[in-house]
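A.B. asks: Single-letter residue listing:
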Amino acid sequence: MNDIKETVHLTARDQLKVLMRLISYTYPFKWTIILAFVMLIFSTVAGMIIPYLVMVFIDDYLTPAVFPEDEITMLIVIFLTVQIIGAVTTYMNIYLFQYLAFKVIQQLRIDAFNKIGRLGMRYFDKVSGGSIVSRLTNDTEAIVEMFIGVFATFLMAFFMMASSYVMMFVLDVRLAFIALIFMPLIFLIMLIYRKYSAVFFSYTRQLLADLNAKLAESIEGMKIIQVFNQQDRLQGEFNRINAEHYEYTMKTVRLDGLLLRPAISMIQILAIAVILGYFGLLSFESSITAGLIFAFIQYMERFFEPINQVSQNLSIFQQALVSASRVFRLIDEDTLEPEQTPRTEHEITDGRIDFENVTFSYDGRTDVLKNISFTAMPGETVALVGHTGSGKSSIINLFMRFYEFDEGRILIDGHSIKTLPKQELKNNIGLVLQDPFLFYGTIESNIRLYHPTMTFEAVQTAAEFVGADKFIEALPGGYHHKVLEKGSTLSSGERQLIAFARTMAVDPKILILDEATANIDSETEEEIQKSLNVMRKGRTTLAIAHRLSTIQDADQILVLNKGEIVERGTHDELISRKGIYHKMYLLQNGQ
Amino acid sequence: MKVFKDLGWFFRQEKSSYIFGVVMLILVALMELIPPQIIGRVIDGITMETLTPRGLGAFIGILLAAAVLTYIFRYYWRILIFGASNRLGRILRERMYTKFSYMSPYFYQERRTGDLMAHATNDIRAVQMTAGAGILTIADSIITGGAVLITMAVTISPELTLIAMIPLPFMVVLTSYYGTLLNRGFRKAQAAFSELNDKSQESIAGIKVTKTFGYEKSDQEDFKALSDDVVEKNLKVSKVDALFDPTIMLVIGASYFLSIIFGAQMVLSDEITLGQLITFTTYLGMMVWPLLALGWFFNLVQRGRASYERIEEIMQTENDIGQEYMIEDAPDGDIEFDIGAFNFPGNGETALRDISFEIKKGHTVGIVGRTGSGKSALIRLLLREFDTNNPEDITYGGEALRDYNIVNLRAQFGYVPQDHFLFSTTIRDNIAFADPGLDDEVIHEAARLANIHEDILGFPDGYDTVVGERGVSLSGGQKQRISIARALITNPEVLILDDSLSAVDAQTEATILENISRVRHGKTNIITAHRMSAVSKADQIIVMDRGTIVERGTHSELLARGGWYHDTYSQQALRQSLTEELDDLVKGDEGDE
Chain A
1 MNDIKETVHL TARDQLKVLM RLISYTYPFK WTIILAFVML IFSTVAGMII
51 PYLVMVFIDD YLTPAVFPED EITMLIVIFL TVQIIGAVTT YMNIYLFQYL
101 AFKVIQQLRI DAFNKIGRLG MRYFDKVSGG SIVSRLTNDT EAIVEMFIGV
151 FATFLMAFFM MASSYVMMFV LDVRLAFIAL IFMPLIFLIM LIYRKYSAVF
201 FSYTRQLLAD LNAKLAESIE GMKIIQVFNQ QDRLQGEFNR INAEHYEYTM
251 KTVRLDGLLL RPAISMIQIL AIAVILGYFG LLSFESSITA GLIFAFIQYM
301 ERFFEPINQV SQNLSIFQQA LVSASRVFRL IDEDTLEPEQ TPRTEHEITD
351 GRIDFENVTF SYDGRTDVLK NISFTAMPGE TVALVGHTGS GKSSIINLFM
401 RFYEFDEGRI LIDGHSIKTL PKQELKNNIG LVLQDPFLFY GTIESNIRLY
451 HPTMTFEAVQ TAAEFVGADK FIEALPGGYH HKVLEKGSTL SSGERQLIAF
501 ARTMAVDPKI LILDEATANI DSETEEEIQK SLNVMRKGRT TLAIAHRLST
551 IQDADQILVL NKGEIVERGT HDELISRKGI YHKMYLLQNG Q
Chain B
1 MKVFKDLGWF FRQEKSSYIF GVVMLILVAL MELIPPQIIG RVIDGITMET
51 LTPRGLGAFI GILLAAAVLT YIFRYYWRIL IFGASNRLGR ILRERMYTKF
101 SYMSPYFYQE RRTGDLMAHA TNDIRAVQMT AGAGILTIAD SIITGGAVLI
151 TMAVTISPEL TLIAMIPLPF MVVLTSYYGT LLNRGFRKAQ AAFSELNDKS
201 QESIAGIKVT KTFGYEKSDQ EDFKALSDDV VEKNLKVSKV DALFDPTIML
251 VIGASYFLSI IFGAQMVLSD EITLGQLITF TTYLGMMVWP LLALGWFFNL
301 VQRGRASYER IEEIMQTEND IGQEYMIEDA PDGDIEFDIG AFNFPGNGET
351 ALRDISFEIK KGHTVGIVGR TGSGKSALIR LLLREFDTNN PEDITYGGEA
401 LRDYNIVNLR AQFGYVPQDH FLFSTTIRDN IAFADPGLDD EVIHEAARLA
451 NIHEDILGFP DGYDTVVGER GVSLSGGQKQ RISIARALIT NPEVLILDDS
501 LSAVDAQTEA TILENISRVR HGKTNIITAH RMSAVSKADQ IIVMDRGTIV
551 ERGTHSELLA RGGWYHDTYS QQALRQSLTE ELDDLVKGDE GDE
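Protein chains in written order, with UniProt numbering: chain A, 1 to 591; chain B, 1 to 593.
FYI, nobody ran anything at the bench for these hints, they're computed from the structure. Among the clues, some could well be false.
[Said to hold, decoys possible] Footprint (simulated), chain A over chain B, 3 or more residues, beta carbon under 8 Å:
1) 19–25
2) 33–47
3) 138–151
4) 188–197
5) 226–239
[As the list claims (entries may be wrong)] Simulated crosslink set (EDC-like; lysine to aspartate or glutamate; CA at most 20 Å straight-line):
6) A:K578 / B:D583
7) A:K482 / B:D387
8) A:K422 / A:E347
9) A:K223 / B:D387
10) B:K479 / A:E220
11) B:K479 / B:D429
12) A:K115 / B:E232
13) A:K223 / B:E385
14) B:K208 / A:E337
15) B:K208 / A:E404
16) A:K223 / B:D320
17) B:K360 / B:E349
18) A:K115 / B:D198
19) A:K418 / A:E515
20) B:K208 / A:E220
21) B:K208 / A:E237
22) A:K583 / B:D419
23) B:K239 / A:E145
24) A:K583 / B:D228
25) A:K370 / A:E347
26) A:K562 / A:D507
27) B:K479 / B:D419
28) B:K217 / A:E217
29) A:K223 / B:E318
30) A:K426 / B:E221
31) A:K103 / B:D228
32) B:K239 / B:E221
33) B:K224 / A:E141
34) B:K217 / A:D111
35) A:K103 / B:D429
36) B:K479 / A:E217
37) B:K99 / B:E385
38) B:K99 / A:E237
39) A:K583 / A:D572
40) A:K583 / B:D387
For clarity, every value in this text was computed on a predicted model and none was experimentally measured. Backbone N, C-alpha and C define an ideal beta-carbon position, used for all residues, glycine too.
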């Protein structure tokens, strides 16, 4: 709903900027453009030749009533050839422009999508997934319409008008000049139309969006509306917007009626009157041929025809520019993911983790982590516990490089995580999320993901390793079982086991568990716990635990509160201290 | 054409718009016949040297008049016909909204919001198009096409007309064939596009996984492959789409060719004049649009018909909650449940069985039990979202619930639902939902009772803060408390809290319950809850399990009984005391800073 609401009013200068940037997307296709232009010229010229041929036929052969057979045959052959060339080039020209449009939009889409891969998690915190998707698809689709409905139409219109005018000049210079008087008139009409239609159009759109929003909200909240007996009041509000929408639609109809088709039709007839008057007056002094008048009228009509098409597509143009500006805003977004300054000699060998005085804030005001320091020796498990908002997830967000931090250092095997090569980090750190995201595909593809060299055996081994093989093999199709709807047919425990296998398949040295057991039903909990123990063996593990029972054997437990480590030690040490951890433990076991 | 018959009521209602609109269209068609005639006559005048300045002046005068009249007539048919079709859209939208207003929750349970929205937007638009562009295309086809054809035949030559028409059917056949190809291709393109859409959605939803594994590049390649598919499918459509213009060009070219060749012979044999031949070819150009419009018309009507049927289907759906009533007075007194068995429509499972209890006027009744035990089903029946099997299963003041006017019945209740739905308007309007005209003081008082007043003052615009997507986002607890204020503001005879304290902490819960019992003297309260503390002070507590009552009594009676209530209460009390201790510890830490 947010997107519909967002009525961006672009200034003329912004519009031009967006337009130029869109046009710059066509540069890689310059040969296509050139070819399309050549075809356009051919088809326009072919269209221009036909009336000329008819004129020649009428004036040179029909009026004098002489029909030399070879010349007439020649004329017919030329006529047919021109017709066919015209048809073929018109086809090519239309097709090429559409081809161009789809290719340009594809590039735009790819650019926008690639941008998404480079954006930091910060961006995804503030922008909803739905609105990003609508940039990628709906907004770009609106631009396709513009390329086809506007660019191509405008260009053809321009060529047609220009060449018709040239032909009029060829036929009669003086009349061609006289015909120019219609130009400022048409220009003025277009100007007025553009001015008012932009206003009416955006109002109508806004009202329609309001109308739909009201309707959708009423459907969602009908129960409340009925319980409070407010149907009549809300119906009244709906009717008011509905009536207002109607008023504005009618304004648009009236404006279109005053300035578009009817106006152009009138001018067309006026132009015929001018032509006939001119030639009629001229005929009193000199001889005027029938063919000439015929041809002139034909060209005049071809001159006006494109204006109708162009004016009808103006609104598409404006909407597309708004859409394009939204897509460009995504492409220009500067909330990028943290950058690495990689030193190739830095490697992850053992998996020792050091946090040294790390302080971090999401908004630059309130610190969510204050002076965090701890060390996880290779192969050790460090558990993070605390209330929501205590900062435990932030520790993982920083360690995963989802967010940039400025104060303090995070080291792996003595190297700052900012200087380790990106690939080194990704290859050696495995993260398991609370909500295991499964992609559309198969079980196998969900374990393998995009790994370039992983064999099917490796997938199986990983699944066996975490104990997922039994349930996978029991599924219809086994490893090739289709995963639909984000895996909603599987239980949460099964989904988590697949996520485990996915992580184990790349054999990371460091394992990060972000509340990996929070959403597990109690039936599978035991299995999950077993495979977690297997996974942790020989790997440095940072674990956020929701259930304290799952981390009792951790080498170190850090209790966080308001961004600070308030207690640390082993389970037994913390229990005997009778502090926060002890209370939390009692609370969970009091269930 | 069925859709036109179905829309008969509307055409009758807008009779004058359509009659005058069509008259305007006829006048436009007649005006359009003039310029070619004048062109031919002037040319004949010039070539035969019979043209006089007076005659020329007259011709020009006729043209000028035709120009102005065309403008006027064209303007007015638009206003008349498009105006009427826009009114149709408005009427249909209004009717549909009214229908939605009176449908019971069961109707909404059966249908998705998206589908209902689609009926109200796309389907109405399609029907509106039928009544606007549809009428226009058919009228224009018949009137303009017919007028031009007759004029060609009558004023010039029937034989030549026949010859010139030979290629035109090919155009109709070919373009409609392209149309079907286009539809097929378009569906495939649409499918490819929605796959791309799904892919984008999934990539964004799974961005953390992709980033964790560093597979951004591969993900992008995947996206590129899908976008290649979109391009490919669309270009297939383009290949057909681009055929339209050249085909029309060729067919019209052939028609021109025939009429000039045969027309020239007729000119030579003095059957027609040169001017008439030129008039004829000009008319020929005017035949293109009516023929294309015919194809377009059938397409519009087809879509309009399907859409109208879908709209009618909604409009004909009967409300399963009867609106007739026998008692005009508002209900008053005790509420009595005596349900033998009840199951929700379309679901064979028994939701409630052997329920029998009484809610005395002025009492507070608590209903507790596990999720799915039937607590909410009782509330839904009381609110008449569904009707019981027998009218006497639920009575209010001794009369069956359904004998009352549903408006009066609902007016007795102040309802706070489980899913705290708020409207995307200001907090003020949300609280004063039952009556927007209420004084600020009344609104503030309701907010104070619901323990949300202080929170609201803390928002950027206080009571004028807009909630929802476009405004401030509220926590679940805040939403619940606003819903409670919304229900309290009318000081209802019966307040129903349907598990509506789940998202507030124990302290707030106690405050709100205290406020309620303080101001609601002599009024009935029904509270369902998961937390026993929410009902412990009730006059009567009903414990439900699997659709029936398993325990009942006051708090102390139930504790003494040692059943489910006792166990759950003690467990929750222990948890509560631990949580408080822990909170104290955490707060104590803060003090150390």
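A.B. asks: Determine for every hint whether it applies to the structure shown.
C.D. replies: Okay, the hints, checked on the actual structure:
1. 19–25: That given contact is violated, which follows from only 0 residues of the stretch 19–25 of chain B lying within Cβ reach (below 8 Å) of chain A.
2. 33–47: With 8 residues closer than 8 Å to chain A, the stretch 33–47 of chain B meets the three-residue bar; holds.
3. 138–151: violated (count 0)
4. 188–197: Three-residue rule met by the stretch 188–197 of chain B, so holds; n is 3.
5. 226–239: Check passed, 8 qualifying residues.
6. A:K578 / B:D583: Holds, at about 14 Å.
7. A:K482 / B:D387: Answer violated: A:K482 to B:D387 is near 42 Å, above 20 Å.
8. A:K422 / A:E347: Holds, because 11 Å separates the two Cα atoms, which is no more than 20 Å.
9. A:K223 / B:D387: holds, 15 Å
10. B:K479 / A:E220: holds, 16 Å
11. B:K479 / B:D429: At roughly 14 Å apart (the allowed maximum being 20 Å), B:D429 and B:K479 satisfy the hint.
12. A:K115 / B:E232: Cα-Cα ~24 Å, so violated.
13. A:K223 / B:E385: holds, 9 Å
14. B:K208 / A:E337: holds, 12 Å
15. B:K208 / A:E404: holds, 15 Å
16. A:K223 / B:D320: Holds, because 15 Å separates the two Cα atoms, which is no more than 20 Å.
17. B:K360 / B:E349: Distance of about 30 Å is beyond 20 Å: violated.
18. A:K115 / B:D198: Given that 20 Å is the threshold and the Cα spacing comes to 18 Å, the pair holds.
19. A:K418 / A:E515: Violated, at roughly 25 Å.
20. B:K208 / A:E220: Measuring from Cα to Cα gives roughly 31 Å; hence the hint is violated.
21. B:K208 / A:E237: Violated: B:K208 and A:E237 sit about 43 Å apart, past 20 Å.
22. A:K583 / B:D419: violated, 32 Å
23. B:K239 / A:E145: holds, 16 Å
24. A:K583 / B:D228: Since the Cα atoms of A:K583 and B:D228 sit roughly 58 Å apart, the hinted pair is violated (cutoff 20 Å).
25. A:K370 / A:E347: violated, 28 Å
26. A:K562 / A:D507: violated, 34 Å
27. B:K479 / B:D419: It holds: about 9 Å lies between the C-alpha atoms, which stays within 20 Å.
28. B:K217 / A:E217: Roughly 40 Å separates the two Cα atoms, so the pair is violated.
29. A:K223 / B:E318: holds, 17 Å
30. A:K426 / B:E221: holds, 19 Å
31. A:K103 / B:D228: holds, 9 Å
32. B:K239 / B:E221: violated, 27 Å
33. B:K224 / A:E141: holds, 16 Å
34. B:K217 / A:D111: Holds. B:K217 to A:D111 sits at ~12 Å (cutoff 20 Å).
35. A:K103 / B:D429: Distance of about 49 Å is beyond 20 Å: violated.
36. B:K479 / A:E217: Since the Cα atoms of B:K479 and A:E217 sit roughly 16 Å apart, the hinted pair holds (cutoff 20 Å).
37. B:K99 / B:E385: holds, 16 Å
38. B:K99 / A:E237: holds, 15 Å
39. A:K583 / A:D572: Holds, because 13 Å separates the two Cα atoms, which is no more than 20 Å.
40. A:K583 / B:D387: Violated. A:K583 to B:D387 sits at ~49 Å, over the 20 Å cutoff.
In this structure, the hints that do not hold are numbers 1, 3, 7, 12, 17, 19, 20, 21, 22, 24, 25, 26, 28, 32, 35, 40, in rising order.
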